[in-house]
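Engineer: Sequence:
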Amino acid sequence: MKKVILKTSLSVAVAVASTQLFASGFALNEQSISGMGTGFAGRSSSADDASTVFGNPAGMSRLKREQVTVGGAAIIAKTDISNASSTFGGSNDGDMVPFVGVPMGYYVKPIDENWTFGFGMYAPFGLVTDYENGFAGRYFGSKSEVQVVTLQPTISYAFNDKVSIGFGPTINRIDGTLESASLNAGSLGRNDGKVKISGDDTAIGYNVGILVQATDRTRVGLTYHSMVDYKLEGDTKIQGSGFSVFSGSKFDASLKIKTPESVDLSVTHELDDNWTLYAGSTFTRWSRLEAITVNNKGVPAALAPGLGQISEEQNWHDTWAHAIGAAYKVNKEWTLRAGFSVDQSPTNNVNRSPRIPTGDRKAISLGAGWSPSEDMTIDVAYSYLWEEDAKINMTTSAADRAHFKGSYNAKYENSAHGLGASLTYRF
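Read in order, the letters of the sequence shown correspond to residues -23 to -1, 1 to 404 in mature numbering (1 follows the signal peptide of the UniProt record, and there is no 0).
Hints are computed from structural coordinates only; laboratory data are not their basis.
Bear in mind that the values here come from a model prediction, so they are computed numbers and not experimental data.
Yeah, the Cβ is synthetic: ideal placement off N, Cα and C, and Gly gets one too.
One or more of the hints may lead you astray.
The calculated label-pair distances, taken between Cβ atoms and stated as ranges, are [said to hold, decoys possible]:
1. N386 <-> P80: 12 to 20 Å
2. V319 <-> L248: 19 to 27 Å
3. L242 <-> D72: 32 to 40 Å
4. D366 <-> F76: 22 to 30 Å
Cross-link-like lysine-lysine pairs, in silico, DSS-like; alpha carbons within 30 Å at most [what the hints assert, rightly or not]:
5. K235 <-> K368
6. K139 <-> K309
7. K120 <-> K41
8. K227 <-> K214
9. K86 <-> K41
10. K173 <-> K274
11. K227 <-> K173
12. K171 <-> K388
13. K41 <-> K306
14. K235 <-> K274
Based on the provided sequences and hints, a complete structural model is requested.
Structural biologist: Next comes the structure, spelled out in structure tokens:
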């Protein structure tokens, strides 16, 4: 039974994969509301406000006034589960993603004609998934809550009117909690126990970019977000009648996970005084997630030999995301935006689980910017995302009693609405 408990702790690292976030895997896109309006096309080349601290730190050189941008996005997700079957039965409501908010805040201050300082706080990764009690796939995952918050002091340097560069170290804090049901060996499928995993870590990365004014009306931007290497330290707690012998026990657990590096290349072209076009592509190295390995301390070898280290295959693959967008300047006060994006899923049909039931996705976006004065701009945006059907086929062998969770098979249809608003104030 202890082996079941500790095997479940592998999933705390995988739990940072959400089914309905607006980027592939467990990445978030919502670091800019002005960018959200164009489907994040031109993210590394637009530099419209202080959110360029994330999008491309070199873009700070285009901002000639001290300014602050604060805002947030809300994600309202929906999942339909069909063709479901499970060894031990249960429900398949699918409403496992509650209302989620994603905050952001940035500050930019020009120092002189060449140097600009900036600071950002945003969430690059995160999720909340919470299945109903009695969910048919509860042994493969019932609840996950993970967030990564990043602080980024940043500097940019303009060589001239054409070329600028930017760099910022990132201080990243990850916190995660995972819950799963586990089988009662004496009455399989009844009187479930519960395993709760908690862990956290702080790690350093960086964000670097270059912005080139190729022509009077065309800018090209390239941004690199580094890999961040975490080692989560936490514990595994056991509760409930499913673990009558071990209920109330707690084991120290640690695991390593790397959030992947990404490269964003985009182009912004001012077609005329009213129309601006955007295009961009992002490569993300999700293939870093080949397997999850957890190390456990304090596990009695006589009761659970070989449980000091356990691995679980993931075999994620690298992904590409592409986006196009446009903005129309109606007048001095109003700008309208629209965009379309496609994003690959890093998961595969063999290892996909209820924690990561995600498929390739598409999204349409609309947005608007209102500037009642030269000092202030209010941006709003709306996005609708839908995914290809994702099939789950999870099975464990009854011969392996320690790992036995039965089987869970289902088809997931995921979609989500995103709403965002931000305020930029220039001093």
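Engineer: Does each hint hold? Answer for all of them.
Structural biologist: For each hint, the structure was consulted:
no.	hint	result
1	N386 <-> P80: 12 to 20 Å	violated (37 Å)
2	V319 <-> L248: 19 to 27 Å	holds (23 Å)
3	L242 <-> D72: 32 to 40 Å	holds (38 Å)
4	D366 <-> F76: 22 to 30 Å	holds (24 Å)
5	K235 <-> K368	holds (26 Å)
6	K139 <-> K309	holds (26 Å)
7	K120 <-> K41	violated (46 Å)
8	K227 <-> K214	holds (5 Å)
9	K86 <-> K41	holds (8 Å)
10	K173 <-> K274	holds (16 Å)
11	K227 <-> K173	holds (10 Å)
12	K171 <-> K388	holds (25 Å)
13	K41 <-> K306	holds (20 Å)
14	K235 <-> K274	holds (22 Å)
Hints 1, 7, counting from the list given before, are not met by this structure.
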